[in-house]
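Asker: The listed protein sequences derive, respectively, from chains X and U. Following the working numbering, the numbering of the first sequence begins with 1 at its first residue and continues without gaps. Following the working numbering, the numbering of the second sequence begins with 1 at its first residue and continues without gaps.
Heads up, none of these hints are tricks.
Covered, in the sense of this in silico footprint (three residues per stretch, anywhere, with C-beta under 8 Å from a C-beta of chain X), are these stretches of chain U: (1) 18-30; (2) 103-116; (3) 121-134.
Stretches of chain X that chain U covers, calculated by requiring three or more beta carbons in the stretch to come under 8 Å of a beta carbon on chain U: (4) 45-57; (5) 250-256; (6) 265-278.
Please keep in mind that the hints were generated in silico from the structure rather than gathered at the bench. Note that the Cβ used here is the ideal one computed from N, Cα and C, for glycine as well.
Residues per chain, in single letters:
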Amino acid sequence: MPIFDPSYSTDNFFDEMMTSKGQVRPHYDRLHKRLGVLAEDDFNKRRAAVDLAFLRRGVTFTVYNDSEGTERIFPFDLIPRIIPGKEWAHIETGLIQRITALNLFLHDIYHDQKILKDKIVPAVQILTAKHYRREFMNFSVPKNIYIHICGTDLIRDHDGQYLVLEDNLRCPSGVSYMLENRAAMRRAFPNVFQSYGIQPVEGYSDQLLKDLRYIAPRGGSKPNVVLLTSGIYNSAYFEHTFLARQMGIPIVEGRDLIVKSSKVYMLTTAGLVQVDVIYRRIDDDFLDPYVFRSDSLLGVPGLVSAYRAGNVSIANAIGTGVADDKAIYAFVPKMIKYYLDQDPILANVPTYLASDPTERKYILENMDKLVVKSANEAGGYGMLIGPASTQAEVADFRNKVAENPRNFIAQDPIMLSRSPTWCNGKLEGRHIDLRPYILYGEKVTVTPGGLTRVALRKGSLVVNSSQGGGSKDTWVLRAES
Amino acid sequence: MPYNEKQPVSRPQATVMLSRVAHSLYWMSRYIERAENTARLLEVNQQFILDFQGFDDTDLKEHWGSILASAEDDVLFKTIYEVADSHNVIDFMSLDSRNPNSILSCIFAARENARMIRDQISIEMWETINELYLFLKGRSSTEIWARGPYEFFEDIKRHSHLFQGLTESTFSRTEGWEFIQFGKFIERADKTTRILDVKYHILLPDASEVGGAVDTAQWQAVLRSASALEAYHRFYVHEILPWKAAEFIIFSETFPRSLYYCVTRVDEFLCRILAETGPRRRTAAARASKRLLSDLQSLAINDILKKGLHEFLVETQKSLDHIGDEVVQTTMFYKAEVSSEEQQQQQ
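Please model the complete structure; the sequences and the hints are all you need to start from.
Answerer: Encoded structure:
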């Protein structure tokens with residue numbers, strides 16, 4: 001029996017493959033035909049082969065609070081998400097516009113703070129932001145770039161409109177899955193793949209290395225770039241080694257680096273070798289125990305002094321996290337207008353700030369209809385989905401918001417678009433989002449594609465890997481539509 | 001921007017090696033080698049006992065006891081198990097996570113080291129270690145005994161050989177290679193001395209039994225434990241003589257598991273790692289290695305037997321330990337040299 005079953009229903013959601021009238025969207029046409037003749041046995045064999053390959057290659061993430069398994073594969077769904085070239089062009093320009101504005105914003109708030117003086121963004125929002133680093137006021141980062149690597153989460157609403165859900169400006173992860181998923185799909189469906197005209201994602205690591213070298217302080221043709229990890233217990237450790245290998249750069253832990261006379265060196269078998277650029281995959285707080293958390297064993301004592309002296313560059317820049325605070329997110333459309341004098345190409349999800357008295361009142365009164373998020377949590381933790389919660393959970397969150405309004409925002413729930421996904425032995429619609437990866441060097445580049453995450457539990461809107469999410473390959477087509 | 005106009009990025013030269021990475025490569029390699037040797041030792045001796053159905057309990061205990069003693073694991077064994085029979089000893093030395101030298105512990109440790117440096121080894125090498133790990137993780141003692149331990153040991157050895165072959169054909173000949181080889185040969189040298197020492201621990205047979213069926217079979221087992229039986233026969237056509245077997249395992253210049261061969265390689269890779277080029281050695285590690293090598297070059301089997309084979313083997317093990325430690329120390333740069341100047345600048 002073929003795996004695509006004519007009884008497939010969109011259930012009145014925006015479906016990536018089918019229109020509400022049950023017609024196949026043109027860019028899914030060939031895939032749909034293939035699924036219509038693909039036997040279930042054959043499909044299952046390919047699925048098993050892909051899962052085994054992931055396990056053998058160790059394409060895994062670490063589960064926190066789990067003493068037993070510790071490493072798991074990220075569930076992978078074989079049905080790709082397809083985006084026509086024209087749609088992608090819209091996304092791409094929107095993302096470039098957004099990261100450009102965010103970067104100007106960071107430069108501004110660490111220098112003249114014009115946007116605060118002009119009262120576009122209330123100063124109190126910045127001063128109380130958890131990741132605002134006042135120590136870096138008037139410090140100029142190399143080439144004025146703060147956000148070298150960005151992963152922006154996009155969703156599609158009921159009408160198929162792309163919206164920005166959040167900006168991840170600290171250490172966005174998942175790019176290795178984007179690359180590994182692509183490799184897996186190419187092996188699993190070589191024929192469909194070849195004939196589809198898909199834009200390649202493989203340029204990512206080369207572009208990343210190029211952008212990291214671009215900020216090297218000493219110049220020269222061979223700067224030493226390293227990737228700083230917290231070690232094998234980090235949930236994204238696989239990704240750290242993956243990227244280091246792809247770029248051919250050393251992966252270092254804090255204990256492999258020392259600082260002497262405000263220069264950073266790595267400890268090698270032949271002695272000390274100076275480091276020029278650090279692609280850090282640990283948060284600001286853990287970078288340097290002299291400056292930030294003194295109990296951090298992950299960091300490098302003295303690193304900040306070397307950074308200040310201009311002897312080493314760090315990507316992303318220290319202090320960048322202030323711009324991915326969810327309360328700051330609400331102001332990004334205004335930033336785009338303020339710095340670029342343009343209208344935002346990609347809209348935000350309608351957002352209410354609990355710190356604003358009027359909006360707080362609205363949030364507290366309508367909490368059971370809203371999605372409430374804590375401003376600085378990631379991974380789907382610290383949030384409430386009002387319509388799906390019990391009265392007790394709502395009441396609990398209401399107290400939290402009332403107690404510490406600065407730390408919360410609320411958004412209208414968005415009925416995320418759905419994509420056909422293999423669940424319980426058949427194809428069913430499941431909600432998805434999209435995280436494209438944006439790199440900022442000499443110019444801004446967006447890898448065509450990204451990580452499509454899917455909520456595998458029926459009806460669930462939470463796509464995070466830590467909460468039962470999986471992923472799909474994302475095909476951006478060369479063809480316009 | 002699409003990537004179709006990709007510009008090539010020249011790679012940084014892979015000439016620097018973090019001390020931590022070097023040491024992980026070294027330990028990864030040692031642990032794999034250790035697991036393989038343990039698998040072979042257990043397989044051969046399990047086979048040996050099956051060949052001698054006449055063994056009573058005392059003989060069995062003596063036999064396995066000597067194997068535990070040669071691995072210096074006898075004390076730990078006694079705290080966990082009561083009887084040193086085939087089942088218990090094989091369980092203890094293959095699957096017991098309480099024994100840090102068990103095959104299971106070695107493979108887990110090798111994989112943990114490999115995981116820390118995944119970016120440094122080839123994907124094929126990583127996959128092989130990971131596969132072996134997944135294989136072991138899914139095995140229980142009952143399962144192994146049901147299938148017969150022979151196949152289990154075969155699996156371990158095959159994976160180890162596969163790993164070494166892949167290392168040979170996919171790993172660049174950089175400093176990392178030198179650490180891998182250094183680790184492999186130092187472990188192999190140590191294990192060869194222990195395999196030989198097993199024979200010492202078996203109570204010396206009566207004069208009448210020298211050359212008897214049991215004695216010959218035991219020496220055969222020793223040779224097979226070192227994969228040396230065929231090589232021995234090719235070299236000495238006649239029957240197995242104890243001193244000839246010992247001589248072969250210690251001094252063969254061509255057999256790749258002989259002590260002499262391994263120590264020669266240890267010295268070679270150590271000199272490359274420490275950049276020892278002159279005739280007079282600069283580092284303590286290189287001097288110790290040269291001493292050991294000179295001993296093996298100047299001694300004859302009679303000198304060793306006169307002094308006592310066991311004493312010679314124990315001394316050799318100590319030298320190897322010392323050499324390994326010294327190399328690790330010499331290639332490790334401690335943070336102690338960082339002055340407190342940085343801290344003051346911050347405050």
